[in-house]
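**Q** Given the structure of chain V, go ahead and fit chain F onto it with the hints provided.
Going down the list, the protein sequences come from chains V and F.
Be aware that the first sequence starts at 1, since it is given in the working numbering, and climbs by one per residue.
Be aware that the second sequence starts at 125, since it is given in the working numbering, and climbs by one per residue.
No lab work stands behind these hints, which were simulated from the structure alone.
Certain hints may be false.
Below, simulated DSBU-like cross-link-like pairs (lysine-lysine); rule was C-alpha separation at most 35 angstroms, straight line [what the hints assert, rightly or not]:
id: 1; chain 1: F; residue 1: Lys342; chain 2: F; residue 2: Lys306
id: 2; chain 1: F; residue 1: Lys421; chain 2: V; residue 2: Lys48
id: 3; chain 1: F; residue 1: Lys349; chain 2: V; residue 2: Lys11
id: 4; chain 1: F; residue 1: Lys434; chain 2: F; residue 2: Lys421
id: 5; chain 1: F; residue 1: Lys503; chain 2: V; residue 2: Lys11
id: 6; chain 1: F; residue 1: Lys421; chain 2: V; residue 2: Lys121
id: 7; chain 1: F; residue 1: Lys182; chain 2: F; residue 2: Lys421
id: 8; chain 1: F; residue 1: Lys280; chain 2: V; residue 2: Lys17
id: 9; chain 1: V; residue 1: Lys48; chain 2: F; residue 2: Lys306
id: 10; chain 1: V; residue 1: Lys11; chain 2: F; residue 2: Lys306
id: 11; chain 1: V; residue 1: Lys22; chain 2: F; residue 2: Lys317
id: 12; chain 1: V; residue 1: Lys52; chain 2: F; residue 2: Lys434
id: 13; chain 1: F; residue 1: Lys592; chain 2: V; residue 2: Lys11
id: 14; chain 1: F; residue 1: Lys434; chain 2: V; residue 2: Lys75
The structure displayed is predicted, hence computed values, not measured ones.
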Amino acid sequence: MNIPQDLKYTKTHEWVKIEGNKATIGITDFAQHEITDVVHVELPENGKNVKKAQPTAVIESVKSAFDIYSPLTGKITAVNEEALGDPGLINQDPYGKGFLFTVEFSDNNELSDLLSAEDYKQLI
Amino acid sequence: MEKLLNELSSECKAAYEINCDMETDVSIPDHLKRKSDLGLPNAAENDLLRHFTNLSRKNYALSTAFYPLGSCTMKYNPLINERIAKFESFNMAHPYQPAETMQGILEIMHGLERDLCEVSGMDAFSLQPAAGAHGEFAGLLIIAAHFKAIKEKRHKIIVPDSAHGTNPASAAFAGYETIPLKSEPDGSIDIEKLKEVLTKDVAAIMLTVPNTLGVFEKEIVEISKVCHENGTLLYYDGANLNALMGFARPGDLGFDVMHINLHKTFSSPHGGGGPGSGPVGVKSFLEQFLPVPRVEKKDEKYVLNYKKSKTIGSVKAFMGNFPVILRAYIYIKALGGDGLKNVSAQAVLNANYMLAKFKDKIAVPAGGRCMHEFVLSPKAANGIRTLDIAKRLLDYGYYAPTVYFPLIVEEAMMIEPTETESKETLDKFIEILNKIIFEEAVNEPQKVKDAPVNTPVARLNEVEAARKPTLKWK
Chain V
1 MNIPQDLKYT KTHEWVKIEG NKATIGITDF AQHEITDVVH VELPENGKNV KKAQPTAVIE
61 SVKSAFDIYS PLTGKITAVN EEALGDPGLI NQDPYGKGFL FTVEFSDNNE LSDLLSAEDY
121 KQLI
Chain F
125 MEKLLNELSS ECKAAYEINC DMETDVSIPD HLKRKSDLGL PNAAENDLLR HFTNLSRKNY
185 ALSTAFYPLG SCTMKYNPLI NERIAKFESF NMAHPYQPAE TMQGILEIMH GLERDLCEVS
245 GMDAFSLQPA AGAHGEFAGL LIIAAHFKAI KEKRHKIIVP DSAHGTNPAS AAFAGYETIP
305 LKSEPDGSID IEKLKEVLTK DVAAIMLTVP NTLGVFEKEI VEISKVCHEN GTLLYYDGAN
365 LNALMGFARP GDLGFDVMHI NLHKTFSSPH GGGGPGSGPV GVKSFLEQFL PVPRVEKKDE
425 KYVLNYKKSK TIGSVKAFMG NFPVILRAYI YIKALGGDGL KNVSAQAVLN ANYMLAKFKD
485 KIAVPAGGRC MHEFVLSPKA ANGIRTLDIA KRLLDYGYYA PTVYFPLIVE EAMMIEPTET
545 ESKETLDKFI EILNKIIFEE AVNEPQKVKD APVNTPVARL NEVEAARKPT LKWK
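For reference, chain V alone in the conformation it holds in the complex:
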């Protein structure tokens, strides 16, 4: 199972890539494997304010629909338009072309709740 060392993780299987005050978010390789083939994605609107641990996006596979929680509080600054048209990207490249959205986060304290690659590996 691919768990990149340079990313942070959540218990609900999102990965977080921190760059300055922005965080890019997607689902982990483990999550895409469990969810199975993604057939539909709903993403938040650009500019929307989101709260930590609140359902922010929805991923649907032939198995079921899954809520995706924002790991951080802040404002959406980008969403993956390409994945809307080609949801298979989330399975093929979960840490790259299959990212979901980017949040400009407002509370640095929340970063300490994120898991390291090692912690996430333990979890799964």
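**A** Relative to the frame of chain V, chain F by itself:
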């Protein structure tokens, strides 16, 4: 595979004739007149008849084989229901005819409302909602009307993750924010966790009892007390009422609002989109908000009363899906109170019999006892998943159980045998499921992964169908 009617079509055959020379008084402006051919398929009458007969023979139905679809209560639908539902006095009635000319129909509706009150412990019912989730929606609008009337602002609904999937959707549709509540491994509620989210802005909690893992909520009386002390109402999802009739009544357990799926517990044919019927029931303090018209009895006559100032309004045209209402009434009258109690006893016995046969071999996340249904978490050899097992069951002539629901169970397979199946039917199914998981998955895994092979079409590419659906012929 049966060809589509369009594929059977040929220009030199026709089973219909359209009289284009018909004279009418209506003058249609030239620019609105159809210029092209109607495009209807042409087939010889005999080919047409064979086409539909062949299609009907591919139907899988309760009347052809076992249907252990968890959460859906696919029980035998007594044929006497169908016979009575065909009476002209019922199926030729028109909703616009005056109430005095359909006293019998209104008497049945009034009688069924009273019977549902008796079974559920509620004080009043409206038969109008068209199905379960529609009943939930109506119930939530009633809850909203109640808080508006007492001038309290509450905008949240708590829904445990062991509830039915429609609950959060209904809450969102009714304008509420859904607060998910993580349940315990057997799907039950932890009172302390509930208290953490039970704030003053929570309008109601929606519970399915027994829950989707088939487990009765043991703390229900305490949950009810804690919620009511907070001014929060309790909503009962009646989808699993088949487990409780004659043993426990939601009204007695503290529930304020509920719906009943007549098409499940009270035996009318369902599946494939309906029709269903989801009557919404309330305690007396909420009766004023029920949908209109209400069926009332005045001076020994039944009337339809539309004049209720506090009502949430109509949630469906006319009085609901009457043919389903009628079947439920016949079912209740045929079985009587003792009969209904026996239904639940047998449904629970059948499910426990099956669970007892599986529990030592297959993981059972909710433990070794259940109510009317149970959930397995099969871990077969060679990477065989629940989906593969379900597909392989089709090869043996079974309808597959519900799979991947509830979401809280890994590789879930949810089985509800209902009370109307014999021990022999259950034994045969148990034998086949064991064979697939413990023999075929081990010795012939590819056979299971390639299933089904005995069905009219082989395994469909569900991913491709969802990503790139072909929605029309040509």
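**Q** Evaluate each hint against the coordinates.
**A** Evaluation of the provided hints:
1. F/Lys342 / F/Lys306: The hint holds at about 16 angstroms.
2. F/Lys421 / V/Lys48: The given pair, whose Cα atoms are some 54 angstroms apart, is violated under the 35 angstroms limit.
3. F/Lys349 / V/Lys11: holds (33 angstroms)
4. F/Lys434 / F/Lys421: holds (20 angstroms)
5. F/Lys503 / V/Lys11: holds (23 angstroms)
6. F/Lys421 / V/Lys121: violated (67 angstroms)
7. F/Lys182 / F/Lys421: Distance ~47 angstroms between F/Lys182 and F/Lys421 Cα, so the pair is violated.
8. F/Lys280 / V/Lys17: The hint holds at about 33 angstroms.
9. V/Lys48 / F/Lys306: holds (27 angstroms)
10. V/Lys11 / F/Lys306: Distance of about 14 angstroms is within 35 angstroms: holds.
11. V/Lys22 / F/Lys317: holds (33 angstroms)
12. V/Lys52 / F/Lys434: With a Cα-Cα distance of about 40 angstroms, the restraint between V/Lys52 and F/Lys434 is violated, given a limit of 35 angstroms.
13. F/Lys592 / V/Lys11: Cα-Cα ~33 angstroms, so holds.
14. F/Lys434 / V/Lys75: Violated - the C-alpha atoms of V/Lys75 and F/Lys434 are around 42 angstroms apart, more than 35 angstroms.
In summary, the numbered hints that this structure violates are 2, 6, 7, 12 and 14.
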